[in-house]
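Got chain A; can you put chains V, Z and F on it based on the hints?
Protein chains: 4
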Amino acid sequence: MLPDHLARFADKIPVLDKGFVRLVDVMGDDGAIIEAARVSTGKGRTAHDYAGGTMGLVCKACGMPKPMRAIADREDPPESPCIEGDRRFIDYMLREGHHSPFEMAEIKLHVRMPIFVARQWIRHRTANVNEYSGRYSKMIDEVFALAPDEWRGQDIVNKQGSTGVVTEWPKGYRLDRNLGGVDVDIPGGRGFHVSNGSTDEITPGTYLSKRQEALQAEAREVYEERLAFGVSRELARVDMPVGNYTEWYWKIDLRNLLHFLGLRMDQHAQPEIRAYANAIARIVAAWCPLTWRAFEKHRLNATTLSADAAAFVRDWMQMRDMPMNATGTERLRFDRLDKADRAVVLELLGAEALR
Amino acid sequence: MLPDHLARFADKIPVLDKGFVRLVDVMGDDGAIIEAARVSTGKGRTAHDYAGGTMGLVCKACGMPKPMRAIADREDPPESPCIEGDRRFIDYMLREGHHSPFEMAEIKLHVRMPIFVARQWIRHRTANVNEYSGRYSKMIDEVFALAPDEWRGQDIVNKQGSTGVVTEWPKGYRLDRNLGGVDVDIPGGRGFHVSNGSTDEITPGTYLSKRQEALQAEAREVYEERLAFGVSRELARVDMPVGNYTEWYWKIDLRNLLHFLGLRMDQHAQPEIRAYANAIARIVAAWCPLTWRAFEKHRLNATTLSADAAAFVRDWMQMRDMPMNATGTERLRFDRLDKADRAVVLELLGAEALR
Amino acid sequence: MLPDHLARFADKIPVLDKGFVRLVDVMGDDGAIIEAARVSTGKGRTAHDYAGGTMGLVCKACGMPKPMRAIADREDPPESPCIEGDRRFIDYMLREGHHSPFEMAEIKLHVRMPIFVARQWIRHRTANVNEYSGRYSKMIDEVFALAPDEWRGQDIVNKQGSTGVVTEWPKGYRLDRNLGGVDVDIPGGRGFHVSNGSTDEITPGTYLSKRQEALQAEAREVYEERLAFGVSRELARVDMPVGNYTEWYWKIDLRNLLHFLGLRMDQHAQPEIRAYANAIARIVAAWCPLTWRAFEKHRLNATTLSADAAAFVRDWMQMRDMPMNATGTERLRFDRLDKADRAVVLELLGAEALR
Amino acid sequence: MLPDHLARFADKIPVLDKGFVRLVDVMGDDGAIIEAARVSTGKGRTAHDYAGGTMGLVCKACGMPKPMRAIADREDPPESPCIEGDRRFIDYMLREGHHSPFEMAEIKLHVRMPIFVARQWIRHRTANVNEYSGRYSKMIDEVFALAPDEWRGQDIVNKQGSTGVVTEWPKGYRLDRNLGGVDVDIPGGRGFHVSNGSTDEITPGTYLSKRQEALQAEAREVYEERLAFGVSRELARVDMPVGNYTEWYWKIDLRNLLHFLGLRMDQHAQPEIRAYANAIARIVAAWCPLTWRAFEKHRLNATTLSADAAAFVRDWMQMRDMPMNATGTERLRFDRLDKADRAVVLELLGAEALR
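So the protein sequences, as listed, match chains A, V, Z and F.
Just so it is clear: in the first sequence, position 66 is 65 by numbering that gives the first Met the number 0, and no numbers are missing.
Just so it is clear: in the second sequence, position 123 is 122 by numbering that gives the first Met the number 0, and no numbers are missing.
Just so it is clear: in the third sequence, position 8 is 7 by numbering that gives the first Met the number 0, and no numbers are missing.
Just so it is clear: in the fourth sequence, position 294 is 293 by numbering that gives the first Met the number 0, and no numbers are missing.
For the record, the hints were derived by calculation from the structure and aren't laboratory data.
Hints should not be assumed to be uniformly reliable.
In this list, chains with the same sequence are indistinguishable; a pair is considered to hold if it fits within one copy or across any two.
Claimed, not checked - With a cut-off of at most 27 Å between alpha-carbon atoms, the simulated DSSO-like pairs for lysine-lysine come out as follows:
hint: 1; residue 1: Lys170; residue 2: Lys158
hint: 2; residue 1: Lys137; residue 2: Lys209
hint: 3; residue 1: Lys17; residue 2: Lys338
hint: 4; residue 1: Lys158; residue 2: Lys59
hint: 5; residue 1: Lys11; residue 2: Lys137
hint: 6; residue 1: Lys158; residue 2: Lys338
hint: 7; residue 1: Lys209; residue 2: Lys170
Extracted from the complex, chain A is given alone in its bound form (with noise of 0.2 Å):
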């Protein structure tokens, strides 16, 4: 059912510790949205554009000559479409907006991810979803694990994100405890495993991953005992954690898609999310690989310039002979924009520019 060139995604994509995408299915693709689009104008899909040239026709979008008529020897030779045409037929539409013929392809993935993660995506609302569901089956038996190098940081600038990874104990931080049949001890400053009469060395990243360990290993076992009692599988679930793994079913539009993966692919979602996200990336690049590098070029690679930015960078570029110093009227209007603007401003003209 899958064209050739996409059989492969239809073996899972491993994603996350345990998680997976995987493709089901497509419906049309850059060639079905420039049929659709072209219903407006009542022309088919895209061939060679010879219109306008003048001896010796060549096409206007991709400059390959018209084959002569001695050539071709027929009445009316079969054009090959013209994919420099399609391309900017494509790269136009996305960049002006009309969004509706990239929703005439579709696409259905198969995914396996974390609650936590899926919370997230059932956000995006314009697409259809058919989940496991926990009422009717036994919870999946897999739960997202950290290992010790990937205990991300609180970020303090962004207040939702992370940064770096947890390398130090909290100042006088003890424990002392029993971890799935090994004790930690943790006396202030350093960490320890003792196990058969050893003591080893560990680090707070091993500590936090242990101890998670633990604590899904107990939420599963707690899990399986209710069953055991005979109590229903929709109240038995109640405490298992939001990254035990689901799986669902999910078919959008590839408007709605790029919409999905333009703020999941960002540098602000959380990073489980984006390591999704740039899976599905890989099978809409091959799968409409037109539209994609459109997307690449307007969207997911575009600088987007506030009106107060750009007016300070069409002012400011009028004198440019006159660089900008510390004390003169541009310097102060500079001061004057809002702070995300600032940064807009010099990240495309340079501090340089701005010294």
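Coordinates of chains V, Z and F only, in the frame set by chain A:
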């Protein structure tokens, strides 16, 4: 791209005088609905369900016996899917309102229809649309026209409906007018064509069609004239009739398509849009036959009793050997039902039962 | 901002052990639905309908006589709105599936609920949501906990439901374990608390609640510990239970809210989300009483007969003096109905009628 | 029901020749957006943020000093909300694409517009609509008509746009025709009215408006005639022009309204729908002034540089003392940019900078 058994719908199905419906693409089918629904249960696509049988296992759904090892002669005989199991599963989901699996099948149609039909159609918001643009291209040169015997009369009871066909001249109606090069003379109570010296009597329907033809020709002429003046297409079109044909690509999932069909195949829908709904229904019946059967059973041909109507039927059946006569308590109670409830009860139990 | 008669709902309505629903704002009401619907007809809000009466005019809807000029003593007496006319109009629209006017009333709620409830809730896509963020803020320190007599058992027939309450120990269950500082000893068939030298016998429900309490305390402790280590909030939370409470603002139009209530007040919905739906229903009944009545009549308490069930009832009623006995044709036909159809027919006509 | 400062919008704002926009109701405002967003952080509505100051505390956002206890003279002085804090918060959310809080404000409008405008409008699917029904009621007796100086010409570059006004007769255009009781004579190159024996020269615009008037009168006459014949309203209307006025109630949340305004206030939108968008913009600016400011800054008047355009600007600024001349490498690189990118770069940096 279309599966073989749907390939015939790639040709235009004619609708109304100049419209059509054409199947462009599908994603999924009955099987895909089941596949997605099964993600809830961790099972794959349906197969025979031999569980629970005793000696000589028999599929619980379809009754087919399990092939014996001696016959099958291999470790793990591939099981043909169980149609009866699939039918029950889809029937169950549609009956119980488990709608989301039906969103996993998607269809794309190419449609040509009058603008006034498109305006009713577009109210169904959960769909993707690319429409022919009268700003970008010249208006399609086709208008919805009625034959003399198609001028339906106004329904008095259903204020938004029509009934019967116009066959009478309005009382005392008088007109003497040139329509498209032919003189029409209505002296009151009868109508005549005067052409080339001869006089033919005409019916009201013929007159209405003639006058429609003349008005449509005039509107098109004005449109073309404006274009000749260099008036922009976006303005030139403003006096084109709402019966002018337009086209679009329309993509929708099966759940929302069924909702569309439920409303637009209904007897209260305008017959012009019903014609399109009926054409689409033929495609759906071929595309997802199990779903279509369930839809006919549980929606299209179902009967809904309001709480009041159901309570009346329940109570009345308890003493069914007492026919409800014109003076009894039951009669009073029946009369106190809302008009719509009385109609449903009568239709279901029969006037005889309630004599 | 809230109208007076709704002001009481600005206080939290308690739901479950620690959740609530709180009314933040409404736009429109029954009257606004009618007002918008009347745009179709060019009429304003409903008033008495005296049209069609003869001498001594009487409102066709409510029967109230028109005030005489002598009494009213002015040119154009203001008419009080006609409640009965409004009731009929709203009943008609809801019955006939004219849904769009019900989208003209909007409600905004503030809700606190367990994450597993939020996950079912969010599947209703046509709504606006702002949720508490566990990336931005510390997780709310409240978890859904069950009292000893609330551990519902698994329903065998309805695989996603629950029934009864757990009162038995699993056969041969053995455990000896410290839960939150108390020793629990289950030697098989009975359970005991050992604390401060004394031993109390406990029920399975008490044991399950104790163990839940201990697990939840452990999960919270791990969460707080991670924060103490400087782990980012977005990662620290991954082992918090799906029973942890979250909050959101939820805004939805009345049409879609009724759809939500129809599904979530249903007996197949998980009791935890039904508790929220029931709380919201109280608000809706006070906010839009005419709509609520129509909804109860035509949706909540309506009975739907499939085409097959309706055909059976119709045919059978034609020969109702012949009771359906165990061997007759009718009996065979009844038996051939789908199980769900048989249940509806029996519920409606009574086992007695079909004896 | 409307807050006082919006009460003036309850009166119709005239749009086009016979249309209007009228504010029916609002739910929420800038404050409600903030309130809902704060549910993410557990904080209430914004107030002065004195945190982090030293002696003589000063609000970090607006700079207002904290009132001293001696002055305030009470335990817990109520803080006026901090407008500057609110402004920054809303600016931040809109800039960073945190769209959901903007869905917490809702608006309901009553609009009268030509059908061809309604057809563009209805493409915005995330809204609630109740439209005047031509099946239920007689078509509104108003048609969109153009004055002689309003016949915009076809734009050649933007194939879906218009430019300038028609002032010339088509070459060799000839016509001699009675329009609404007046003879119009166009012998080629000029036009004349012949009425009551006198002859007035007329412009192409006057002619086009005259002919429009005659066609619209004819269409209305045919419509009324059909109704006189008893033709159903749903059929009688099929030749009414798409310029006929219709009405609807339209309800939408602020996020989606801003999306609508971003597209429909754009210079590529048809001027007729832009007129409505501009009227609505006035209401929004009064209703949610902080959001409106942010929208103007970050959407309406923002400049987006594609990845290519941004890369060019960045690289080129590194060697800004070298003006880009006609033969240099930079020139070549500039020429290789897509046309749309070149336009943005030129508009931003100035042709002078790139001389």
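| said: Let me make sure I understand: some of the numbered hints might not hold for this structure. Which ones are they, in numerical order? | reply: Violated: hint 3 alone.
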